[in-house]
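Quick mapping for you: the protein sequence lines, in order, are chains A and B.
Number 121 in my numbering belongs to position 120 of the first sequence; there are no gaps in the numbering.
Number 247 in my numbering belongs to position 238 of the second sequence; there are no gaps in the numbering.
Everything labelled a hint here was simulated from the structure, so no lab data went into it.
Hints may contain errors.
Ranges between beta-carbon positions, derived for each pair [said to hold, decoys possible]:
| hint | chain 1 | residue 1 | chain 2 | residue 2 | range |
| --- | --- | --- | --- | --- | --- |
| 1 | A | 30 | B | 51 | 23 to 33 angstroms |
| 2 | B | 222 | A | 13 | 57 to 67 angstroms |
| 3 | A | 55 | B | 53 | 28 to 38 angstroms |
| 4 | A | 4 | B | 91 | 21 to 31 angstroms |
| 5 | B | 272 | A | 55 | 33 to 43 angstroms |
| 6 | B | 152 | A | 123 | 42 to 52 angstroms |
| 7 | A | 4 | B | 22 | 18 to 28 angstroms |
| 8 | B | 22 | A | 155 | 41 to 51 angstroms |
| 9 | A | 124 | B | 153 | 38 to 48 angstroms |
With a cut-off of at most 25 angstroms between alpha-carbon atoms, the simulated DSS-like pairs for lysine-lysine come out as follows [stated by the list, open to error]:
| hint | chain 1 | residue 1 | chain 2 | residue 2 |
| --- | --- | --- | --- | --- |
| 10 | A | 116 | B | 94 |
| 11 | B | 19 | A | 13 |
| 12 | A | 13 | B | 17 |
| 13 | A | 118 | A | 153 |
This structure is a prediction, so every number in the text was calculated from the model and none was measured.
Glycine residues also receive a C-beta, built at the ideal position from the N, C-alpha and C atoms.
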Amino acid sequence: MPLVEMEVNGKKMSSNVEERQLLVHFLRDDLNLTGTHVGCDTSQCGACVIHIDGHAVKSCSMLAIQANNASITTIEGLANENQLHPVQEAFKENHGLQCGFCTPGMIMAAVDLIKRKPVLNEKIVREELEGNLCRCTGYQNIVKSILAAAEKVQA
Amino acid sequence: MYQFNYIKAKSVEEASIALSNNPEAKILAGGMTLIPTMKQRLASPEQLIDIRQIEELKFIKLESNNIIVGSVSNHFEVYDSEIIKEHLPVLSRLAENIGDPHVRNMGTIGGSISNNDPTADYPAACLGLGAIIKTSKREIEAEEFFIGLFETSLEEDEIVTQVSFPIIKNSCYMKFPNPASRYAMAGVFVSKSDEEIRVAVTGAGENGVFRWKEMENALSNDWSVSSADSVRISSDGIMSDIHGNSDYRANLVNVMATRAVENLINEY
Numbered sequence: 002m003p004l005v006e007m008e009v010n011g012k013k014m015s016s017n018v019e020e021r022q023l024l025v026h027f028l029r030d031d032l033n034l035t036g037t038h039v040g041c042d043t044s045q046c047g048a049c050v051i052h053i054d055g056h057a058v059k060s061c062s063m064l065a066i067q068a069n070n071a072s073i074t075t076i077e078g079l080a081n082e083n084q085l086h087p088v089q090e091a092f093k094e095n096h097g098l099q100c101g102f103c104t105p106g107m108i109m110a111a112v113d114l115i116k117r118k119p120v121l122n123e124k125i126v127r128e129e130l131e132g133n134l135c136r137c138t139g140y141q142n143i144v145k146s147i148l149a150a151a152e153k154v155q156a
Numbered sequence: 010m011y012q013f014n015y016i017k018a019k020s021v022e023e024a025s026i027a028l029s030n031n032p033e034a035k036i037l038a039g040g041m042t043l044i045p046t047m048k049q050r051l052a053s054p055e056q057l058i059d060i061r062q063i064e065e066l067k068f069i070k071l072e073s074n075n076i077i078v079g080s081v082s083n084h085f086e087v088y089d090s091e092i093i094k095e096h097l098p099v100l101s102r103l104a105e106n107i108g109d110p111h112v113r114n115m116g117t118i119g120g121s122i123s124n125n126d127p128t129a130d131y132p133a134a135c136l137g138l139g140a141i142i143k144t145s146k147r148e149i150e151a152e153e154f155f156i157g158l159f160e161t162s163l164e165e166d167e168i169v170t171q172v173s174f175p176i177i178k179n180s181c182y183m184k185f186p187n188p189a190s191r192y193a194m195a196g197v198f199v200s201k202s203d204e205e206i207r208v209a210v211t212g213a214g215e216n217g218v219f220r221w222k223e224m225e226n227a228l229s230n231d232w233s234v235s236s237a238d239s240v241r242i243s244s245d246g247i248m249s250d251i252h253g254n255s256d257y258r259a260n261l262v263n264v265m266a267t268r269a270v271e272n273l274i275n276e277y
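I would like the entire structure built from these sequences, with the hints used as guidance.
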């Protein structure tokens with residue numbers, strides 16, 4: 002099995018992977034980073050969103066081996082020690098989650114969004130959430146959380 | 010997913026050699042179609058040749074009156090490119106509306122046109138602007154490139170390296186996206202240069218993207234909204250599926266074409 006090297010949440014690691022292993026399964030099963038979820042497994046729901054070299058991607062539609070030499074951030078890598086990331090904090094404050102299954106993907110998508118477009122409004126947020134589904138249909142507060150987080154980051 | 014072996018190519022030459030050495034190999038670029046297809050076991054290549062990180066294929070540049078896009082440029086890069094925003098904004102907007110943000114960070118222009126999905130956006134831009142597609146072997150005009158459903162004139166061991174779009178300011182793409190997938194239910198690309206008017210339709214044709222000659226002729230005779238409105242596309246040869254039957258789609262094609270023309274007349 003080929004060897005891959007990556008930096009995951011700031012830590013360098015290397016491991017042998019099967020060519021066909023998906024990145025999401027590598028993170029969950031091999032690295033035990035189970036915060037990244039498998040929702041639809043057909044690249045529609047976005048529960049598996051992580052950052053690769055600073056860009057949000059769907060880890061269920063990528064091979065682990067494609068991420069060789071990449072720098073990866075998962076939901077576990079956002080908080081600073083005991084200090085939640087501002088987007089995590091905003092989701093907590095604004096009740097941006099119900100069952101919580103979509104939350105890791107929502108938050109990773111939101112962090113990427115706020116970085117790309119610091120000035121947001123409701124319309125932009127809803128459009129940008131095209132790739133993330135919440136089956137509790139809790140979008141109202143998810144949108145509210147993202148707007149609140151964007152404002153906080155701006156300030 | 011069935012097992013396969015994987016190589017990461019460092020150059021187009023290396024990828025081409027690997028591809029001609031193994032008829033069962035497939036090129037992997039962003040993988041946004043290929044990997045889901047393999048997961049469903051609808052494709053089972055023996056080998057994947059990863060070209061996503063080949064530096065020589067990652068560029069966007071302006072050359073005389075053309076925008077040239079390297080084949081592994083992803084949709085976000087095309088959308089975000091200052092050169093494209095300034096000289097061919099229609100292409101930036103088209104890329105901005107493909108799939109979702111995460112897919113746009115991986116999916117590539119070369120992958121999209123090589124796959125020639127009948128509901129993809131880029132084929133309409135290629136045909137609507139008269140793009141030239143450069144491969145590892147030759148240059149192909151868009152008309153000769155897109156042959157049918159998921160079919161192109163690419164040979165088994167040929168790789169798309171760049172797409173050259175003539176800058177036609179007077180061009181507009183109107184798409185009615187499927188609300189779930191964001192693929193086009195009907196997308197119409199209209200361009201008007203000094204030489205000709207082109208109308209390319211995606212999302213609707215049973216054989217994939219096509220030029221709508223009747224509309225082109227009508228608009229060449231009379232460049233107006235009423236002229237666009239007077240031409241009706243026949244529903245023969247228009248796709249029919251769970252999302253809409255051929256009459257419905259044919260009507261969407263008409264509506265999108267009229268909106269595109271309306272937009273251009275109001276804008277210029």
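Checked hints:
no.	hint	verdict
1	30(A) x 51(B): 23 to 33 angstroms	24 angstroms, holds
2	222(B) x 13(A): 57 to 67 angstroms	58 angstroms, holds
3	55(A) x 53(B): 28 to 38 angstroms	33 angstroms, holds
4	4(A) x 91(B): 21 to 31 angstroms	39 angstroms, violated
5	272(B) x 55(A): 33 to 43 angstroms	35 angstroms, holds
6	152(B) x 123(A): 42 to 52 angstroms	43 angstroms, holds
7	4(A) x 22(B): 18 to 28 angstroms	25 angstroms, holds
8	22(B) x 155(A): 41 to 51 angstroms	48 angstroms, holds
9	124(A) x 153(B): 38 to 48 angstroms	41 angstroms, holds
10	116(A) x 94(B)	20 angstroms, holds
11	19(B) x 13(A)	23 angstroms, holds
12	13(A) x 17(B)	21 angstroms, holds
13	118(A) x 153(A)	14 angstroms, holds
Hint violations for this structure: number 4 only, all remaining hints satisfied.
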